[in-house]
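Note that the protein sequences, when read in sequence, are chains F and E. Position one of the first sequence corresponds to residue 1 (full-length UniProt numbering), numbered consecutively onward. Position one of the second sequence corresponds to residue 1 (full-length UniProt numbering), numbered consecutively onward.
Hints were generated in silico from the structure; no laboratory data involved. Glycine included, C-beta positions come from ideal geometry on N, C-alpha and C. Hints should not be assumed to be uniformly reliable.
[What the hints assert, rightly or not] Label pairs and their in silico Cβ distance ranges:
| hint | chain 1 | residue 1 | chain 2 | residue 2 | range |
| --- | --- | --- | --- | --- | --- |
| 1 | E | GLY148 | F | THR546 | 32 to 40 Å |
| 2 | F | ILE54 | E | ARG154 | 54 to 62 Å |
| 3 | F | ALA278 | E | SER42 | 21 to 29 Å |
| 4 | F | GLY492 | E | ALA100 | 32 to 40 Å |
| 5 | F | LEU154 | E | ARG154 | 31 to 39 Å |
| 6 | F | ASP499 | E | ILE182 | 51 to 59 Å |
| 7 | F | ALA329 | E | ARG154 | 49 to 57 Å |
| 8 | E | ALA187 | F | ILE518 | 55 to 63 Å |
| 9 | F | PHE31 | E | TYR158 | 32 to 40 Å |
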Amino acid sequence: MSNEATLHSQQEVMHGAHDHHDHEHHHEDSFISKYVFSMDHKMIAKQFLITGIIWAIIGAFFSVLFRLQLGFPDATFPWLESILGHWAKGGRISPEAYYALVTMHGTILVFFVLTAGLSGTFSNLLIPLQIGARDMASPFMNCLSYWFFFLASLVMMTSLFVQTGPASGGWTMYPPLSALGDASIGSKIGVDLWLTSMALFVVSQLLGGLNYISTLLNMRTKGMAMTKMPLTIWSFFFTAVLGVLSFPVLLSGFILLLMDRHAGTSFYLSDIFIAGKALANEGGSAILYQHLFWFLGHPEVYIIILPAMGMVSEVLAVSSRKPIFGYLAMIGSLFAICILAFLVWAHHMFVTGLNPFLGAFFVLLTLLIAVPSAIKVFNWITTIWKGNIHFTPASLFSIGFVSTFISGGLTGIWLGNSSIDIHLHDTMFVIAHFHIVMGVSAFFGMFAGIYHWFPKLYGRFMNQTIGFIHFWVTMIGAYLIFWPMHYEGMAGMPRRYYDISGWSSFKQFGGLNEFISIVVILVFAVQLLFVFNFFYSIFKGRKMTTQNPWNATTLEWTTPIHAGHGNWPGEIPEVHRWAYDYSKDGRDFIPQTEPIGPNESAH
Amino acid sequence: MDTMTIEQRKKIHPHKYSLWIAMGSITMMFIGFTSAYVVKRSQANWLAFELPHIFWLSTAVILLSSLTIHLALKQFKERNMQRYKQLITLTAILGVAFAACQWIGFTQLKSMGLPLNGPVSASFIYVIVGVHMLHVLGGVVALLVMFGRAYRTRVRTYSAVPIEVAATYWHFVDILWIYLLIFLSIAR
Chain F
1 MSNEATLHSQ QEVMHGAHDH HDHEHHHEDS FISKYVFSMD HKMIAKQFLI TGIIWAIIGA
61 FFSVLFRLQL GFPDATFPWL ESILGHWAKG GRISPEAYYA LVTMHGTILV FFVLTAGLSG
121 TFSNLLIPLQ IGARDMASPF MNCLSYWFFF LASLVMMTSL FVQTGPASGG WTMYPPLSAL
181 GDASIGSKIG VDLWLTSMAL FVVSQLLGGL NYISTLLNMR TKGMAMTKMP LTIWSFFFTA
241 VLGVLSFPVL LSGFILLLMD RHAGTSFYLS DIFIAGKALA NEGGSAILYQ HLFWFLGHPE
301 VYIIILPAMG MVSEVLAVSS RKPIFGYLAM IGSLFAICIL AFLVWAHHMF VTGLNPFLGA
361 FFVLLTLLIA VPSAIKVFNW ITTIWKGNIH FTPASLFSIG FVSTFISGGL TGIWLGNSSI
421 DIHLHDTMFV IAHFHIVMGV SAFFGMFAGI YHWFPKLYGR FMNQTIGFIH FWVTMIGAYL
481 IFWPMHYEGM AGMPRRYYDI SGWSSFKQFG GLNEFISIVV ILVFAVQLLF VFNFFYSIFK
541 GRKMTTQNPW NATTLEWTTP IHAGHGNWPG EIPEVHRWAY DYSKDGRDFI PQTEPIGPNE
601 SAH
Chain E
1 MDTMTIEQRK KIHPHKYSLW IAMGSITMMF IGFTSAYVVK RSQANWLAFE LPHIFWLSTA
61 VILLSSLTIH LALKQFKERN MQRYKQLITL TAILGVAFAA CQWIGFTQLK SMGLPLNGPV
121 SASFIYVIVG VHMLHVLGGV VALLVMFGRA YRTRVRTYSA VPIEVAATYW HFVDILWIYL
181 LIFLSIAR
């Protein structure tokens, strides 16, 4: 039955293709307009993805380097001197290089990989395909969005190679350290390049976000009511809303910081002495920057995790052949997270002298986020419960996502309490918490998305066996890396420190740190294996022979295997039902394009 | 691409929709600035002073330019292209005049002993007014593009969407300035 339906819809598409043959060859593309300054959302998605992968390799490699220092503070690695030069004299990473590596690792992973690489890729790919649109509302702005990101990348890359090194005051770039070039070697031109790059990045995010929102609100195909959209689209929607409203605030914070650096203003600076000399700056407040930064900074973590949540919801439903459990509750909790995201920023600032009375409200609102998060976790588990689960790399990574989201989320309840935070802030506990809940989880969501939609991107499959190896090593490795950090943090071991071997209370962690560093190297190697799999499969992967390899209901699988610009050769299909009609009325799945039968009730 | 998009169902033009979201975004940026201003004002060492008087003149200029762009839109819809071209030119000139007034305001501030690197309250004026001025100049650039399009002979545009988008944006920066002026006058 289901087979028949697929064949039937395929025929329709073929038929349509014949009718509107001239549509597809509407405009001849040159190499430049097809692969470089492309306006096709699918190509822009690939551009974001591959740029993101390159950044991810660099960012992850930086973490390997600074883990070498943390794990083996007394050892020397002569090969380090040959790649880092005077930053690693005698084979030991210098303190300045260490801080630069930590800062760049954070900046690259948070912004360039998990924001641009994740939502940039999948919002671009899936929004038009899943809502039934030819392209974005403004393909030109979409193209600009990528090229602003590219420019931001170039500037950030340049900063890695300047003589005084890149910015190294931590990825949050707090003043006064970041505002004063004389304060440290990492606060010189590196910070200017960092701010320039981030300003370009914000522009890129805004151009992209505007497009995503107006496309999915205005250009849905006939019958695609908001409540018929897949959860991926809902998550991209809330992600874009968060970005559009919070990135401009970050930009205003950066503008004030730039003025402090170069125009002699004192927005963030007051009563500062450098090398015994008093500066003229007076009346500024460094805390002001933290407010502006975290007003973006907190929504930013949801900008990272929401797309992963959406893709995991979709992949879990497809691979367990069951409708998503609690569709409306899923949307409601996304909405709740989106609202709460703007009301909790001060929980990053409990120990800055924040009024404890005010802190109590931020504690309450922070803990409230546990409610929608728990609803989502419950719904994911119930979706796969008693499902006919197909264990593909995509579904494994989705299940892995749920696991890490739970274990990382629970420690968020600890840190959200202002009293416990006094002890735990700036320790390895925080590192463990946010790496599991937002770093590893978001990566798992991204991997799930890549494995699942790779056939749509390149018309080929990624190698499954390598995918399984990739999953299991990453999953076990992630827990082995981050779980022990909780104990280090509870014992008070601070984050960001170059060398903790001088404290006798942390001596006990020497072996543990070595262990973590070794696992980091292994996990990094497996990520390289994934990258190999990715690029190898683009050219040599198993070819896709049917349009709908996962037997999914959504619209992207009704397009031809190598869809041209415009996605559907004929008419855009009309939508008649929601996206999750799996195992309904004895049928494995019913595509969204199939009308509701006379004896059938709509969802 | 145009023929492809027309067949799609849509309520308001996507470009207009994007503009509204962009305006929300720009608003958030200024909310960022003004709330930083409010936070800073409640702390010690805040120096209050009167705004340069020329800011009132610039207000009049930008209000007038809102009127001219409104008329330009009307003329475009009636296909009086000559009047339309004159009116958008006038609007662009008024936009530049507005920016010039703001600049004179800066020099007045400086002569009052309130340079950019002076007291924080003055620095805020420079930054907030300066960033707003850049947004107005962005609108001027958009008008220049429209102007170029109006003189094109090979391709004629009949769609009112671009000029509508430009006009809406122009009114937006106008209203934004009124808000900033009221804000900066009251919260001193």
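*Okay, which hints does this one fail, numbers in order?*
Numbers 1, 2, 4 - these are the hints that the structure violates, sorted from lowest upward.
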